[in-house]
Amino acid sequence: MNEKDIKFLENIFKKYYFEHFDLFQSQERTNQREFGYQKFNSGMSRHISLKDSKELRLMLIQNVPSDVYCSNAYYSFPSLPMNEKEWLEADLIFDIDAKDLDLPCREKHVVGICSQCNEISQNKQKCSKCSSTKIDKKSLPCQICIDSSKKEVSKLVEILVSDFAISRENIQIFFSGNEGFHVYVFNSQFQNLGSRERSELVDYIMFKGALPEKFGMKKFKPDRNSFPDFSEGGWRGRFSKFAYGSKSNRSKTISGFLSSGYSNFQNTLDEASNQIGVKIDPNVTMDIHRIFRLPGSINSKSGLVKNQCENLDKFQPYTDSCFHSDELVEIIANCPVEFKLKNKKFGPYNNQKISIPTFAAVYLVCKNLATVA
Amino acid sequence: MLSLGQDEIAKYPFLADAGQYLRDKGFSLEQFGSDPDLKQLIIKAYERIEVAANGQIYKSDLSEDQVLKQSALPREVFSFLLAIVLLKLSNAHTLIKRFALAEARRAEKYLERDLGNISDESKKQLAVKVINDLFSIQVEKIEDNFVIPISDYIKHSINFHEREWKLINRHVENGLVFLSSHETVRLIRKELGSYINLKINNSKTPSMIPGFEEYVEKLVSLSKKFSSVIVTTGEYPPCIKHAIEVLEKGENLPHSGRFMLATYLLSKGQTVEQIVPLFKNAPDYNERVTTYQLNHLAGTSGSSTKYSCPSCEKLRTQSLCFATSECENIISPLQFGKRRIS
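Heads up: the protein sequence lines correspond to chains A and B, in order. Under our numbering, the residue at position 228 of the first sequence is numbered 228, and the numbers go up by one with no gaps. Under our numbering, the residue at position 62 of the second sequence is numbered 62, and the numbers go up by one with no gaps.
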C-alpha cells in the first residue's frame, strides 16, 4: 500500500478511534489480557498489557493501528514472553468465515491481485498479464455469504446451549469485520481446557470422526433398533433429522442403510459432517494463546468494524458495521465486481477516477482495489 | 488420604502407605528374605511381576468380592509391596511400567464392580471417592448411567486413540457425558497406571536384602527381553508429502500446514537453511520472514521454546491428514516408517 493511501486510512481510523471509542467493549479482567496491534505496512506488536480502557484509548490514539487484538486467554503476566506469561484460562472462541463454506457465489465476487505485476482480474489461478501463479485473493462478500455464515452461527449456538449447557447470556456474537462472525463463550466449564482438549470440542461441533456403531450401524449383525430416533437429543437426533427427513421416513431409511452396508453408512456420516456439522475454523478454537481481533476495532481488510450482533437475524453488517462518513472522496478504482454498502450499489470500476462516499472508498482502498487520487 | 478397610487395601494396595502397613502388621523386609514361610511371598511377588510383564492381569486370590480366606488378604497386599521392592532393587524401568499398567487394570475390575454395586452403597461411594480424589472427576449416577462433566471427560479421553472415545461418539446432553460403569473406570486406566508408576518411582530404593538377590537377578534378565531396536525407512509420511506438493505447485499452504512441515523437518534434523527454500513458491514468500519464523520454531530465536510436530489427531482436525494404510497405529507423523525389531 502506498504512503498516500496509508495516510488516508490512518486519518479515517483515527477519527473513528476518537468518535466511536464507546464501541470498544471493555474486556473482562483487562489487566490479565495480552493486547497487540498492527500498523499499516508493518509487523505485529504484541505482548502488551493494559490496565484499563483509558490505556487502550491512549494506545489507539498514539499509534493509530490498522488492527487491534486482544487475547482470549488470561495471564498472570501478560506482557512477558509467551512461556513466562503464566497462562490461567481462556474464553472459548469460534471463527466462522464465509470463505470456508464452499459457496458457489464466491466465484462471482473474488478478485485476484497478481503479486508480481499488480494486475487485477477475476482470474484466480494465473495472472492474465504476466502468467504468475502468485495471486492474492480479495473477496467482496455478498448477501449469500452473510446469510450462510449466520446459519452456521445459529447451528453453533444451538449446540452450545443444548449439548454443552452454556447459558445464552454467556454467548456473544460479533461480525468479524470482513466476511464472517466471531463467537465468544464466557464462564463455561471449558475455561481451563488446553489446546488438545479444545480440538475434541471442535470435532464434536464439526461432527467429525463419527463411528457407524454409535449412530446405529453395527459391523456385525446390524439391528434396526440401535438407529437413532427422531426425537433424540444431541448428534444422534440431529443426524436422524438429516438422514430420515421426516419421522415417517425412519423405517424406510433404515432399511436402505441396512441393505447398503457398513462402509456406505460411513460415507453417509461423512456427508452428514459436510452438511450438518458446523463449519468453524478449527485453528482458532484450538489456539489458547491467540490474540483475537478486539471487539469494537476496525478490520483493515475491509474498513468495517467488528461489532456485536444483538439480534443476529436482523443484523446487516454492510450497514450496521459501516461507521465512516458519507463525505465524497476521489479515488482511482479498479474493481471488476459490484458490491453493496449502506444499501447502495457500487462498481464495477475499470481503473477509473471516481468520486464516492468515504465509507466505500475506505472499503476499496483496504481491499487494495483502489488508491486515493 | 482415604481411610481403607482390610479388603479395600487388598483391592487397591497402591492406596496404602507401604511402610506403615508392614509396621502395623509387625513385619520387617528382612524377615521376608529369611523366614522360609514368608519367602513364599517373594515368589508370589515375582510371579505377579512376571504375569504383568507378559501383558496379563495377575489373578487374584480375591474372587467375586468375597474373600476366600481371611489370610489371603494380607498375602495380597504383601505380594504387591514386595513386588515393588523387587522392582526397585532391579531398577528395570520397562518392568515397572508394565507392572503399573497391569495393576491398574486389576484395580479397574474392582472399581467397576464397586461402582456398579447396587446392594452396597458404601462400596459404590468408595469407588466414586477414589475416582474423585485421585483423578478429579466428578461422577454422578443418573438412572443407569454415570455422568461426568464434558470438560472432565475430555481431559481423560484425549489419552485414547480409539475413535469410540471421541466426544462425538458419546451420548452428550446438558453439559454432561453419559457412561457405563465400565467406561467410567476405563477412562482413568492410563492415569491409574501413571499414578501407580509414580508411586513406585517415588518410593525409596532399599539396599539389597539377603534372600531377595535371586529374584532381583531374574528380573534383570527378564527386563532384557523387552528391549528392542527401532529402524526407519526414511520416507516422508503422506501429510508431509502433500504439504511439499502444495508448495511446489505454488499454491497456498495454510499457516497450520506450514507449521506442521517446518516442525516435522526440524525434528528430523534438517537445518533452517535447508528448509527455507521449500517455501520460496508460496504466494506470500519473503525470505527474511520465513527465516525468522523457522528460527522461532527451532527455538534458536525468541522464547527459545522448540516447537514440536503436531499429532496425527490434531492434523486430522486441521484437515491436513492424508493417511494411507502405512499410517496405521501411528499417532504422530514422526513415527511414520518406524519399525520395532525385538
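Check before you lean on any hint, since a few could be wrong.
Said to hold, decoys possible - Straight-line Cα separation of at most 30 angstroms, BS3-like style, residue types lysine-lysine; simulated pairs:
1) A:K208 - B:K280
2) A:K301 - B:K280
3) A:K208 - B:K338
4) B:K280 - A:K124
5) A:K150 - A:K7
6) A:K138 - B:K280
7) B:K249 - B:K224
8) A:K39 - B:K280
9) A:K129 - A:K150
10) A:K353 - A:K314
11) A:K129 - B:K268
12) B:K241 - A:K124
Derived by calculation from the structure, the hints in this document are not laboratory data.
Hints and how they fare:
In summary, the hint linking A:K208 to B:K280 is not supported, as the alpha carbons are separated by about 34 angstroms, beyond the 30 angstroms threshold. For the hint linking A:K301 to B:K280, the alpha-carbon distance of about 25 angstroms falls within 30 angstroms, and the restraint holds. As the CA atoms of A:K208 and B:K338 are separated by approximately 28 angstroms, the hinted pair is consistent with the 30 angstroms bound. This hinted pair checks out: B:K280 and A:K124 have alpha carbons roughly 20 angstroms apart, not beyond 30 angstroms.
Pair hint A:K150 plus A:K7 does not hold up; C-alpha atoms about 34 angstroms apart against a cutoff of 30 angstroms. About 22 angstroms separates the Cα atoms of A:K138 and B:K280, which keeps this hinted pair within 30 angstroms; it holds. Among the hinted pairs, B:K249 with B:K224 is inconsistent with the structure: their alpha-carbon atoms are about 50 angstroms apart, more than 30 angstroms. At roughly 26 angstroms between alpha-carbon atoms, A:K39 and B:K280 fall within 30 angstroms of each other, so this suggested pair holds.
Note on A:K129 and A:K150: the hinted pairing is violated, with a Cα-Cα distance of about 38 angstroms set against a maximum of 30 angstroms. The hinted pair formed by A:K353 and A:K314 fails the criterion: a straight-line CA distance of about 35 angstroms is larger than 30 angstroms. Taking the CA atoms of A:K129 and B:K268, the gap is about 41 angstroms. The hint is violated against a cut of 30 angstroms. This hinted pair checks out: B:K241 and A:K124 have alpha carbons roughly 25 angstroms apart, not beyond 30 angstroms.
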